[in-house]
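Visitor: Letter by letter, the chains look like this.
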Amino acid sequence: MILEAKGVSFRYPYREKQILNRVDITVASGERVGLLAPSGYGKTTLCKILAGFEKPDEGTLLLDSQPLNSFGRYCPVQMIWQSPELAVNPRLKMHRILAEGGRVNRRIVKKLGIEDAWLTRYPAELSGGELQRFCIARALGEDTKFLLADEITTMLDLITQGQIWEFLLEETTLRNIGLLVISHSPALIGAVCTRTQAL
Amino acid sequence: MRFVAKTSLRMALLLVCVSILAFALVSASPVDPLGANVGQAALGSMSVEQIAKLETYWGVNEPPVRRYLAWAGDFIRGDMGISLLYRRNVALVLAEKASNSLLLMLSAWILSGALGFALGIAAGMNREKTADRLIQGYCALIASMPVFWLALLLLTVFAVLLRVLPIGLSVPIGMESAAVTFADRLRHATLPALTLSVAGIANIALHTREKVIDVMSSDYVLFAMARGEGRRSILRLHVLRNVLLPAVTLQFASISEVFGGSVLVEQVFSYPGLGQTAVRAGLGGDVPLLMGITVVSAIIVLLGNLAANILYGVIDPRMRSGRERA
Amino acid sequence: MNVQAKEPARRPNPPRATPRFQINRRQFALILFLLAVLSLTAVAIAGDRCASIAMETDFTQKNLAPCLSHPFGTDWMGRDMLARTLTGLSLSVRLGLLTATASAAIAALMGSAAAMNKTLDALFSWLIDLVMGVPHILLLILISFACGRGFRGVVIGVTLSHWMSLARVIRSEVLQLKQSAYVQIAAKLGASHLRIVLRHMVPNLLPQFLVGLVLLFPHAILHEASITFLGFGLPPEQPAVGIILSESMQYLVMGRWWLAVFPGLLLVTGVLLFGVAGNCLRSLTNPASANE
Amino acid sequence: MEKTPLLEVKNLRIAFDQYSGRFSKNNLGMIRDLSVMVREGELVAVVGPSGSGKSLLAHGILGILPDNAEIEGEIRFRGTTMTQRCKESLRGNEIALVPQNLSYLDPLLRMGPQLRKGKRDAKSRQKTREILAHYSLNEQMERMYPFELSGGMTRRILISTALIDSPSLVIADEPTPGLDEKLARRVMSHFRAIADDGAGILLITHDLELALEVADRISVIYAGTSIEDAAATDFLHEETLRHPYTRALWRAMPRNGFRVENTAQPCVAKIPAGCPFQQHCAAASGACRREIPYRRAGEGFVRCIHTEEAVAAT
Chain V
48 MILEAKGVSF
58 RYPYREKQIL
68 NRVDITVASG
78 ERVGLLAPSG
88 YGKTTLCKIL
98 AGFEKPDEGT
108 LLLDSQPLNS
118 FGRYCPVQMI
128 WQSPELAVNP
138 RLKMHRILAE
148 GGRVNRRIVK
158 KLGIEDAWLT
168 RYPAELSGGE
178 LQRFCIARAL
188 GEDTKFLLAD
198 EITTMLDLIT
208 QGQIWEFLLE
218 ETTLRNIGLL
228 VISHSPALIG
238 AVCTRTQAL
Chain E
6 MRFVAKTSLR
16 MALLLVCVSI
26 LAFALVSASP
36 VDPLGANVGQ
46 AALGSMSVEQ
56 IAKLETYWGV
66 NEPPVRRYLA
76 WAGDFIRGDM
86 GISLLYRRNV
96 ALVLAEKASN
106 SLLLMLSAWI
116 LSGALGFALG
126 IAAGMNREKT
136 ADRLIQGYCA
146 LIASMPVFWL
156 ALLLLTVFAV
166 LLRVLPIGLS
176 VPIGMESAAV
186 TFADRLRHAT
196 LPALTLSVAG
206 IANIALHTRE
216 KVIDVMSSDY
226 VLFAMARGEG
236 RRSILRLHVL
246 RNVLLPAVTL
256 QFASISEVFG
266 GSVLVEQVFS
276 YPGLGQTAVR
286 AGLGGDVPLL
296 MGITVVSAII
306 VLLGNLAANI
316 LYGVIDPRMR
326 SGRERA
Chain S
-1 MNVQAKEPAR
9 RPNPPRATPR
19 FQINRRQFAL
29 ILFLLAVLSL
39 TAVAIAGDRC
49 ASIAMETDFT
59 QKNLAPCLSH
69 PFGTDWMGRD
79 MLARTLTGLS
89 LSVRLGLLTA
99 TASAAIAALM
109 GSAAAMNKTL
119 DALFSWLIDL
129 VMGVPHILLL
139 ILISFACGRG
149 FRGVVIGVTL
159 SHWMSLARVI
169 RSEVLQLKQS
179 AYVQIAAKLG
189 ASHLRIVLRH
199 MVPNLLPQFL
209 VGLVLLFPHA
219 ILHEASITFL
229 GFGLPPEQPA
239 VGIILSESMQ
249 YLVMGRWWLA
259 VFPGLLLVTG
269 VLLFGVAGNC
279 LRSLTNPASA
289 NE
Chain B
57 MEKTPLLEVK
67 NLRIAFDQYS
77 GRFSKNNLGM
87 IRDLSVMVRE
97 GELVAVVGPS
107 GSGKSLLAHG
117 ILGILPDNAE
127 IEGEIRFRGT
137 TMTQRCKESL
147 RGNEIALVPQ
157 NLSYLDPLLR
167 MGPQLRKGKR
177 DAKSRQKTRE
187 ILAHYSLNEQ
197 MERMYPFELS
207 GGMTRRILIS
217 TALIDSPSLV
227 IADEPTPGLD
237 EKLARRVMSH
247 FRAIADDGAG
257 ILLITHDLEL
267 ALEVADRISV
277 IYAGTSIEDA
287 AATDFLHEET
297 LRHPYTRALW
307 RAMPRNGFRV
317 ENTAQPCVAK
327 IPAGCPFQQH
337 CAAASGACRR
347 EIPYRRAGEG
357 FVRCIHTEEA
367 VAAT
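Chains as they are written, first to last, in the numbering used here: chain V, 48 to 246; chain E, 6 to 331; chain S, -1 to 290; chain B, 57 to 370.
Careful: at least some of the hints might be erroneous.
[Unchecked claim] Taking lysine-lysine and the PhoX-like style, the derived pairs with C-alpha atoms no more than 25 Å apart in a straight line are: (1) K186(S) <-> K192(V); (2) K176(S) <-> K102(V); (3) K116(S) <-> K11(E); (4) K238(B) <-> K64(V); (5) K140(V) <-> K158(V); (6) K64(V) <-> K60(S); (7) K102(V) <-> K60(S); (8) K157(V) <-> K140(V); (9) K186(S) <-> K53(V); (10) K102(V) <-> K140(V); (11) K176(S) <-> K140(V); (12) K143(B) <-> K66(B); (13) K158(V) <-> K186(S); (14) K140(V) <-> K60(S); (15) K143(B) <-> K173(B); (16) K175(B) <-> K143(B); (17) K143(B) <-> K134(E); (18) K116(S) <-> K186(S).
These are computed hints drawn from the structure, not numbers from a lab.
From just these sequences and the hints, can you work out the full model?
Guide: Structure representation (structure tokens):
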């Protein structure tokens, strides 16, 4: 499968700055594309557009030549956010948050190092790194074909970072998932990606 | 400048809507203007022609929209109609009553604002200490107290038991209006104004306290402490600066509360101001007077809101530049 | 609790109170809340029971100062003031319940509708500004006037003039939830509209709504009393607190202070209890210290 | 032989009273046993995973912990023990803090008075101008509000707030989160320059790679406990590091192969007695559950019973 954005432009309402200006990007299944750009270059916005959270002002977004919303309710392109604290409902226990992603494979939960004791806790009782693991597991439902990782380990310490990336490489290779990695660390992108694109 | 113009326009439109709403409400009333003002007995003894003449005078048979337009047209020309109770031009009645109320409301507004702000700062800076608990307790008590009961209490204590202040009215009874001195008027306004002030403090004090606590637990005050700034410097440099604007804004926006309070207080003290007149107009079915008071008070309230909006929009640097960018 | 604090770690937020009082604060709030609710229920029932005593006139017992058999004294018709006040307060509490609930329902409806649709939102903010443009008491007078005074006028007036601030809270809360990352993500994960509302929106809104509802009671009760006091509310034969206090005015000058002081005191206590209940509920559901 | 110790923190413990259930409370130790030392002209980086209580260290030294915090242990400045009053008199002149981000500046105060803490005398004005000039910020900056600053300006302004007091100790609390690499490097070089001018710097960060570029020594924290203190040069090779967690950290660095193992910190309420890392350590034994001293090892310190020095000592 191929996820492609063509000539995407975007600016937030009431703000002058054009965030994205005619951006093209393509990610194919099994590919790991690194997107390298300094802060403030609309990387997160591009991610949100690719995952269908925002509509571009101009340009098209196609998955295998079809619009994204033609794939049913579960979106085959899933995004993992920079701050996991915002991505989970603070009033739900972790096992229910995990269940939001449909049937999440036991293997994924195990591989990510999610401990059983965490499942009965609330988000506020877990650290950022632990929460991020849940968000990743949740985004890896059976129908996920593309994964967008927006600075997902920036706030984490090196070891947690490494753990998460090791898992993601293995899992996306196994399931032939296309991965878009956004980071401002060239070292990380160099270690993880098969191809780099500048914005 | 465009912002001010835009806000003013919105307020003017709102005023029109308020008058429509008020007119709709008074028109919906089952109170029969003829019955209420001429009296059922008098009505019974009148001839059909006389009644018909009166009906045209009150516009009973005209559709409400036409009546409203006629009223609004007159109003813009400065003619608010004739008060049924006072048998005088509404504008004249309102001018007289408003001058009485103005003294009362303005002094209460300023006094409660200043005192409330000071108490709020004191409470917020001494969070969870005795001063704070006392102020909070006072505010909770006042907020749970009907204003008119507070007025009754003060009246009992100062006018009935201690006899230091007059019971009511704006001037001594039976005195020629020429002989009334400003001191007399002041003495008569003291109790009502005091009641209004005491009641008005709670809101602004609690609000200011919340803001002070927000500021005191902000990162920038933490950093100020880390930089060795003392309590006094933090108060002067950060707390006052960040709390004053919202407090003043709130005070402008709370003019409606002061007016509401004055209605009750004037009733208790038989103080002949706008509030008491509103009650009489309502009870007596005096539609032109009621409409006049509603529109005038709406003007006061909306001007207060306008002032609040402009204060925020013009003074706060963040809002200022946010608008320029937008 | 939030111990493995988020990075960047800053001061752990809650709770900020002094440690001395902290141990029991939560339990204390719960107990206080239950006590407040219990005593208000007791008043509502007691007042209803004394309704007949409140109407009994006994001219041999008129104008009595507070004594053992009549703790609140009697009025010029020899009616027992304690019974009258309790009946009045009971009426106030029940009226408050009715109007505050109706007002909160309007608020919930208006607030969530405004958050869902832009046109409705503009209309909504206009409507709020409009209602707030008329001083509260004057609006009550106008509505009461439109309804021809009496019970209906009070209920409609108080209901229609109290929904604004809660509606604003609900609106901004719904807007925030709609914008929140986790709700958007839930939609992308295939959750249905209903599921999002039930699982993400309602649980987050409910506590706010309940607290707002309870804190509406005091306002509703005070405004009902005020408008009745002015003569626009309940009819004079009804033993309502507003009526009692309004009648007491003419006797104050004669030194019959008990006619005003005790009924007012009881009303203040009732209103305070509602305030206490609301604040306890708020601190119990406060997201800053809840759920840990 | 060594430069004078400016700041010594010994066996610091910071705990909080917090609600653990709906109605019950307990006392949680966020910092359990932390020791660190900064000498004049030295840049020491305190590095640890998220939630290891690093920022509290800064707040503890400056005496600005929230009311419900308890603090134990010893903090010495130039050899004298710091009491709360002593901290209050030292902060803002001898000791300065460089905060994380813009939220630490008063949004309604222009930068000039903000930098001078409201002082109006000619001397402070002069000093403000000098410092702004030093960081190539122009004088118009003084008229600006915090929200008007750009990203790069913000960093320089935040550092300026500390230097206005000519402190002998600068504490920087996560000064680079969310910055791109170029900007982060530049911020770090500013700190190096300040240290080279003679001040001691305590740099609190989770970014080990960046810290290694400028720091003289690295102090590693795990689960609120100091586990190793080593010269930055020790991080060139895995063998010169002493604690198994530090070694795991080293292996996880992208340049050293990005190898990872599970090192998740235990939840604060469930940290075992003895070595906090024992659950993930291959060499863990029963002895690791006993109290383990923070002992000198070469130029630094380590808290592990398995290091060669420790074995040799017994």
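Visitor: Run every hint past the structure and note whether it holds.
Guide: For each hint, the structure was consulted:
{"no.": "1", "hint": "K186(S) <-> K192(V)", "in the structure": "holds, 13 Å"}
{"no.": "2", "hint": "K176(S) <-> K102(V)", "in the structure": "holds, 16 Å"}
{"no.": "3", "hint": "K116(S) <-> K11(E)", "in the structure": "holds, 20 Å"}
{"no.": "4", "hint": "K238(B) <-> K64(V)", "in the structure": "holds, 23 Å"}
{"no.": "5", "hint": "K140(V) <-> K158(V)", "in the structure": "holds, 20 Å"}
{"no.": "6", "hint": "K64(V) <-> K60(S)", "in the structure": "violated, 80 Å"}
{"no.": "7", "hint": "K102(V) <-> K60(S)", "in the structure": "violated, 78 Å"}
{"no.": "8", "hint": "K157(V) <-> K140(V)", "in the structure": "holds, 18 Å"}
{"no.": "9", "hint": "K186(S) <-> K53(V)", "in the structure": "holds, 22 Å"}
{"no.": "10", "hint": "K102(V) <-> K140(V)", "in the structure": "violated, 32 Å"}
{"no.": "11", "hint": "K176(S) <-> K140(V)", "in the structure": "holds, 20 Å"}
{"no.": "12", "hint": "K143(B) <-> K66(B)", "in the structure": "holds, 16 Å"}
{"no.": "13", "hint": "K158(V) <-> K186(S)", "in the structure": "holds, 24 Å"}
{"no.": "14", "hint": "K140(V) <-> K60(S)", "in the structure": "violated, 65 Å"}
{"no.": "15", "hint": "K143(B) <-> K173(B)", "in the structure": "holds, 18 Å"}
{"no.": "16", "hint": "K175(B) <-> K143(B)", "in the structure": "holds, 21 Å"}
{"no.": "17", "hint": "K143(B) <-> K134(E)", "in the structure": "holds, 24 Å"}
{"no.": "18", "hint": "K116(S) <-> K186(S)", "in the structure": "holds, 23 Å"}
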